[in-house]
Amino acid sequence: MKTIQIRTSERVELIDITSTVQAYVSEKGTLNGIIIIYVPHTTCGITINEHADPDVVRDIKMQLGKLAPENAGYHHYEGNSDSHVKSSLIGASETVIISNSQLLLGTWQGIFLCDFDGPRTRNVHLKIMAD
Amino acid sequence: MKTIQIRTSERVELIDITSTVQAYVSEKGTLNGIIIIYVPHTTCGITINEHADPDVVRDIKMQLGKLAPENAGYHHYEGNSDSHVKSSLIGASETVIISNSQLLLGTWQGIFLCDFDGPRTRNVHLKIMAD
Amino acid sequence: MKTIQIRTSERVELIDITSTVQAYVSEKGTLNGIIIIYVPHTTCGITINEHADPDVVRDIKMQLGKLAPENAGYHHYEGNSDSHVKSSLIGASETVIISNSQLLLGTWQGIFLCDFDGPRTRNVHLKIMAD
Numbered sequence: 001m002k003t004i005q006i007r008t009s010e011r012v013e014l015i016d017i018t019s020t021v022q023a024y025v026s027e028k029g030t031l032n033g034i035i036i037i038y039v040p041h042t043t044c045g046i047t048i049n050e051h052a053d054p055d056v057v058r059d060i061k062m063q064l065g066k067l068a069p070e071n072a073g074y075h076h077y078e079g080n081s082d083s084h085v086k087s088s089l090i091g092a093s094e095t096v097i098i099s100n101s102q103l104l105l106g107t108w109q110g111i112f113l114c115d116f117d118g119p120r121t122r123n124v125h126l127k128i129m130a131d
Numbered sequence: 132m133k134t135i136q137i138r139t140s141e142r143v144e145l146i147d148i149t150s151t152v153q154a155y156v157s158e159k160g161t162l163n164g165i166i167i168i169y170v171p172h173t174t175c176g177i178t179i180n181e182h183a184d185p186d187v188v189r190d191i192k193m194q195l196g197k198l199a200p201e202n203a204g205y206h207h208y209e210g211n212s213d214s215h216v217k218s219s220l221i222g223a224s225e226t227v228i229i230s231n232s233q234l235l236l237g238t239w240q241g242i243f244l245c246d247f248d249g250p251r252t253r254n255v256h257l258k259i260m261a262d
Numbered sequence: 263m264k265t266i267q268i269r270t271s272e273r274v275e276l277i278d279i280t281s282t283v284q285a286y287v288s289e290k291g292t293l294n295g296i297i298i299i300y301v302p303h304t305t306c307g308i309t310i311n312e313h314a315d316p317d318v319v320r321d322i323k324m325q326l327g328k329l330a331p332e333n334a335g336y337h338h339y340e341g342n343s344d345s346h347v348k349s350s351l352i353g354a355s356e357t358v359i360i361s362n363s364q365l366l367l368g369t370w371q372g373i374f375l376c377d378f379d380g381p382r383t384r385n386v387h388l389k390i391m392a393d
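As you go down the protein sequences, you meet chains A, B and C in turn. Position one of the first sequence corresponds to residue 1 (our numbering), numbered consecutively onward. Position one of the second sequence corresponds to residue 132 (our numbering), numbered consecutively onward. Position one of the third sequence corresponds to residue 263 (our numbering), numbered consecutively onward.
Source of the hints: derived by calculation from the structure; they are not laboratory data. Values in this document were obtained by computation on a predicted structure and should not be read as measured data. The C-beta atom is built at its ideal place from N, Cα and C for all residues, glycine as well. Be a bit skeptical, because a hint or two may be false.
Part of the chain C face toward chain B, derived, beta carbon under 8 angstroms [as the list claims (entries may be wrong)]:
id: 1; residue: Ile310
id: 2; residue: Arg320
id: 3; residue: Glu340
id: 4; residue: Gly353
id: 5; residue: Leu367
id: 6; residue: Met391
Given the sequences, and given the hints that come with them, work out the whole structure.
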């Protein structure tokens with residue numbers, strides 16, 4: 001198991017961590033199996049989506065902002081309930097298949113850490129289960 | 132594999148099952164691996180979010196109620212389509228890393244069974260894959 | 263690992279792939295473990311929900327269409343940002359427990375490939391981790 005640290009720079013930011021995840025798979029020398037990418041923060045999520053055109057991430061951020069606006073009559077005293085709602089909608093982890101030492105992602109797929117309440121330094125756990 | 136039963140008491144309720152999941156990991160004596168927490172009901176979900184301030188859960192329930200209102204011109208004859216929509220938004224399972232015999236959760240993270248069509252007695256499957 | 267191909271016939275379509283996933287588990291002869299159902303496309307998702315009354319799928323499609331309308335001031339040049347948003351809301355994979363050679367699904371649960379930008383031919387990866 002390995003924990004990586006990511007520094008975010010905006011309140012809502014999706015950071016492409018694909019190459020870091022692949023580097024860990026290569027470092028471990030895992031031929032086949034799965035990897036769990038897990039974020040231990042309640043105002044973050046992990047998602048897989050297009051990492052070619054940055055406008056896709058921009059549109060996802062925009063639309064999530066409509067589904068959980070910053071102010072919507074929430075009760076939580078910290079004022080970041082929108083971030084918690086987004087965290088549950090996106091989910092705390094993704095599982096990716098490892099095949100022939102490579103993440104078995106689609107052509108356009110990248111793995112993103114979503115920070116919904118940044119900027120902060122965030123941890124992401126990487127856990128490989130080998131065949 | 133183990134199946135636990137949870138009795139819910141409201142139509143929409145998030146119940147913290149973290150200690151029950153940890154108890155199973157301890158009982159099995161698993162040192163390292165992963166655990167899948169899976170709900171076999173189509174009007175439920177499993178989510179990970181803050182279990183310190185109960186207002187976070189209250190806000191998540193409120194906002195999900197806006198994303199899938201109880202009445203929204205649905206066609207399903209049972210009248211609980213809002214519950215089915217929430218189930219797909221939240222997802223039927225979560226995967227958590229086990230490290231040194233402990234669930235590797237963040238400080239504020241708890242594991243919740245979400246019942247979107249209670250009150251009922253619900254099953255949750257716990258499945259450990261050890262290293 | 264196995265990759266199956268699914269031909270979709272509408273722009274937004276949920277296709278029940280439960281029997282195909284079960285057939286792979288039977289073919290492999292896996293007694294106990296887990297299976298990851300993973301879609302390598304950024305405008306698709308995998309969800310688990312009711313496959314008895316087709317109106318449940320109809321209602322899920324309808325409600326997701328309200329959460330991510332086809333036109334909502336998006337910036338992505340391909341004009342399918344609604345599909346990308348839905349993909350992140352639903353998620354790229356599901357994990358299902360295998361118990362006594364059977365998918366441990368609930369009575370009403372089916373596994374669906376969600377195509378949010380069809381019609382196309384889509385791939386779905388099936389990966390078993392045996393006990």
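Hint-by-hint comparison with the structure:
Here the hint on C/Ile310 is kept, as its CB sits about 4 angstroms from the closest CB of chain B, short of 8 angstroms. With a least beta-carbon distance of about 6 angstroms to chain B, the hint placing C/Arg320 at the interface is held under the 8 angstroms criterion. Because the closest C-beta pair between C/Glu340 and chain B is about 24 angstroms apart, greater than 8 angstroms, the hint is violated. A cut of 8 angstroms between beta carbons decides the hint on C/Gly353: the least distance to chain B is about 6 angstroms, and the hint holds.
Below 8 angstroms, beta-carbon pairs count as interface contacts, and C/Leu367 has one with chain B at about 6 angstroms; its hint therefore holds. Because the smallest distance between the Cβ of C/Met391 and any Cβ of chain B comes to about 6 angstroms, under 8 angstroms, the interface hint for this residue holds.
Figure legend: structure checked against the earlier numbered hints; the only hint not met is number 3.
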